[in-house]
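Colleague: Protein chains in written order, with my numbering: chain A, 1 to 170; chain B, 1001 to 1827; chain C, 2001 to 2101.
Keep in mind that a hint or two might mislead.
[What the hints assert, rightly or not] Partial selection, computed: residues in chain C whose CB lies under 7 Å from chain A:
no. : residue
1   : Val2030
2   : Val2036
3   : Leu2038
4   : Val2039
5   : Gly2043
6   : Leu2078
7   : Ala2079
8   : Leu2082
9   : Phe2085
Keep in mind the hints are simulated off the structure, nothing from the lab.
Beta carbons are placed, not taken as given, at the ideal position from N, Cα and C, and that holds for glycine.
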Amino acid sequence: MTDPVVHAAVFYVLAAFTVVGAGIVALSGNIVHSAFALFATLFGVAGLYAYLSADLLAVVQMLVYVGGISVLVLFAVMLTSGLSDTGHTNPAFRLAGGIAVLLAVTAGAFVAASAVPTGVESAVAPTTGAIGDALLGPFVLPFEVVSVVLLAALLGAVTMARGWKKGGAR
Amino acid sequence: MHEAAPVLQDFPLLFLVPLLPLIGAVWNGLAGSAIQRRFGRAAIHVPAVLLPAGSFAISLWAFLALAGQPHGTALYNHLWTWLPVGTLQADAAFLMDRLSGVMALTVAFVGTLIHVYSIGYMRDDPHYWRFFSYLNLFMFAMLTLVLGDNFLLMFVGWEGVGLCSYLLIAFWWRDREKAAAGMKAFVVNRIGDFGFILGVFLLFWGLMTTPASRPVAAAHGGKAAAAQHEEGGAGTCSATGGTSVTFRCVEQLLQDPVKRDRLVNHDIAGVGLITLVCLLLFVGATGKSAQIPLYVWLPDAMAGPTPVSALIHAATMVTAGVYMVARTHFLYTLSPVAMTVVATVGALTALFAATIGLFQYDIKKVLAYSTVSQLGFMFLAVGVGAYWVGIFHLMTHAFFKACLFLGSGSVILGCHHEQDMRKMGGLRKLMPITAVTYFLATAAIAGFPFFSGFFSKDEILWKAFDSGNILLPGGGMILWAIAAVAALGTSFYMFRSYYMTFSGEYRGAAGGAGGPALQAAGTDPAHGPHDAHGPHDAPGALDAPGALDAPGSNVGRGPLTPPPDAPGSLDAHGPHDAPGSLDALGSNVGRGPLTPPPDAPGGHGHAHVPHESPWSMTGVLAALGFLAVAGGYVGLPHLWHLPNAFEAWMEPVFAGTAERVTSAGFGHGVEWGLMGFSIVIAFGGFFAARWLYKDAANPVPARLLASGSRLVQGVHRVVFHKYYVDEAYDATFVKGSLGLSRALAFWDTRVVDGLVNLAGTIGCAFSFLQGAIDRVFVDGMVELVGRAVQDAGARIRRIQTGRIQAYVQGLALGALALVALAYLLAW
Amino acid sequence: MTIGLPQFLVVSGALLALGLYAIVTRKNAVAMLMGVELVLNAGLLNLVAFSRYGGGLDGQVFALFGIVLAAAEAVVALAIVLQVFRAQRSVDAAKASQLKE
């Protein structure tokens, strides 16, 4: 990665991939298309992580988001509806769509105008060991709490997905 | 040096003495009605008699234990700290020293006997259980009074006996007259109680506002204080403050010269503080012990059942005042004025009541006035500082007066609730045991030699004569003279009652053929000719004596009733007399409604003969009769060079003040002379009564009444009406307070209420104004706010659509606004 | 042209905007969830970027927690969506408004 042009090219490819995917997610009329576009977007974000030399996060993003959540979303799409009937944007919220775009424009203008410092790149180093130390060191309490949250989410999801049997018993 | 503070010996069972009757009272009071209905009367009276008997047993045990201790010991039982108020502390604690020991023993003993007696006397009363409950409650209160170790506990008992006397006098409360008698006793007692508590307050005010000059405990030092400290905190007196309310601590404090001087020399409105305290306490005593001027309730209290009369009004309650004065002897000896007042009031009451007793026809009224008179003797004794003699007379009086009362109860029961002595006579043959015991007790009260009353009364007379503490001119001799006349009267009217009741022939309401012969003899002095009112009497034939006689002839007999066999009966009073005659008027004075009671005299169609009472009554009479004779032997006169056990027994209690009781210094010769004079008095009264009233054979009283001069008439009239004291009280205090009440009521309704109403009207106007302001302005504002909120809510609630996306939109817009703000600010 | 923090922020901003747009406009609850995922990813990307450019490792740790929570959120949210679908035979978020005032 010595060549700054290549460097930049890689970034822009990844960024474009991500943003285009997100655009399809947001704008596509077909929910299935949206789902696959989300798949792509998440993949792109994983690439950006890698670009930012966050190797562990990139892998986690791949495993959890791309491998887990996207598949989940796909299943949900297939379970809940016909393939394309409800994907259309809600006409009542066209105005909101405009506002969202305005937000994006404003944010971009903000970024461009306020000369955000580029920042100093940290040295490139493997992060896995350091994050592991941090998780079991200063972040051990959030770590444990998150594990409990996961358990609760798991149980809650199972309970809810099982649904109500007839006769009133949960 | 004297030992004021007794050595306290713990006796943990002492509290049972008052407690046992209380248990009985509560038990019978709460469950008695049901028990009597289900299990009969025995289930009522067995516990009601056994519990006071247990009380007596424990008293006796304690008394014997006390007797085994050295002089100056007292049994003590501390239960709990009752009222710790600031530095003042009152404990619920009982103390039996030699004085309260004698009292408790007497009270428990006589009380138990009267309980036994009541089994027979109240046999037919449907409220049997209530009666026994009250009796037990009375025992509790009286024993608390006697054994309480401080002023406050004594006051509890003091009030308790007042309450019980009210309950018991008004026991037959359906009869308005009796209920009123109870009320009268209660109100009069309240007056006295108020004086008592005022005296206590004043005493403690005096003690607490005076600093002690030195620690009192150290002052008399020695063994008593040391032993006391070993006893521990419960029974000890505070060494510094005048803040304990126990008798012995006050006595100790008064040994401190500073405090004593303060009490003696501090004047309030020209009267020494100590004198004021003593007089106020004595007001309490006059109420409870029926002395002038508060004696009026006692004769009326005879409306109660006879055992009540015996228990409360002869043997126990009325002696509370005497006991209290003896208990607080350390106060009275400091004030010669108070002593003089006590002695004088006692002597005057003795004479006054004795004269009233001379002309009464109701057997219980005679005994009532005799009680008042004897209590006067006791106060005379304690007033001259002869405390042990007062208590001695109290004890002997408890025996013989209880015996007399119970004897009269036996007579009344035997004569079917007849109380008029003119309708008795000849009962000796019919009721021999009653007659004998009544005679013995009469002899005792009259002061026959070698009977118990002789020893105590003669000692009182001698102590009064010999007293050096009396401030009256002539010293104790005046009091002695008054008391001697009273004693003569006592002897006379008591034997008069005996002869009228027991000698001669039966003059009772024997309907049918037997009656006229007896009555027509016309020998009954006060009774004969005037009793023969009948239909054949001309309406105008009533002469003056007969009119005089009339009220008496109905006193205590209960409401007037037309007998069923009226036309032929010589006993027929009232309705058959001419309407408007003096008799008819008089016979209705102060009486209740004319309702026929079930046992109205003359109401029985068949002839009835008095009968002897059941064994439970006669047994008690025998026991009391024995004691009336023998009870005096514990206190033989010094003159005879025989041991006086009673005085020796009491000596340590009063040792602390003995030095302040002085003698006028008369020699033995005078004492012998007085004793002989006492005997002459006793026999004089006896022979006079025998001559006039035996067998109803002497015409003198009748002739005296019938044709006597204006003077005799006047005297008789005044004395017969009890000197019009009741009427005077009615005219002054009752009418006065009624008038005052009316005046105050007028003031209240016209002036005070007017002001109040005016203020109310103004307030109403203001309120109306304020209300208007409230409605228009305040409410308007409030409603404005409320409406604004409601409207705003109605509008704002539309935002809350339930659509997540709308919320997110708002969220995004908010975030956008924040970003814009930050952007603008940063710019 | 060097790639620095501003470029990442722009990408992140784009993701956020598109995600919000999806949330606000989509009728389908599942599609809304997708928008949520986009918004989350925008945030995580920011965290990682700040971490890279002078923030130390904490940003990455937070991003890790964020991913975990996102997973939990996704699971629960999809379960809810399934229930709503079962109850209403539809996943129209606009119709699931019985809880409104």
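Colleague: Would you mind marking each hint as holding or not holding in the structure?
Modeller: Against the structure, the hints:
1. Proximity of Val2030 (chain C) to chain A holds as hinted, the smallest CB-CB distance being about 5 Å (cut-off 7 Å).
2. Annotation: interface hint on Val2036 (chain C) violated; nearest CB of chain A at approximately 10 Å, more than 7 Å.
3. With a least beta-carbon distance of about 5 Å to chain A, the hint placing Leu2038 (chain C) at the interface is held under the 7 Å criterion.
4. For Val2039 (chain C), the suggested interface contact is broken, since its CB lies about 10 Å from the closest CB of chain A, more than 7 Å.
5. For Gly2043 (chain C), the suggested interface contact is broken, since its CB lies about 11 Å from the closest CB of chain A, more than 7 Å.
6. Contact between Leu2078 (chain C) and chain A, as hinted, is supported at the beta carbon level, the nearest pair being about 5 Å apart and thus within 7 Å.
7. A cut of 7 Å between beta carbons decides the hint on Ala2079 (chain C): the least distance to chain A is about 4 Å, and the hint holds.
8. Of the supplied interface hints, the one on Leu2082 (chain C) holds, with its beta-carbon coming within about 6 Å of a beta-carbon of chain A, less than 7 Å.
9. Because the beta carbon of Phe2085 (chain C) sits about 5 Å from the nearest beta carbon in chain A, less than 7 Å, this interface hint is met.
Checked against the numbered hints given earlier, this structure breaks hints 2, 4, 5; the rest are met.
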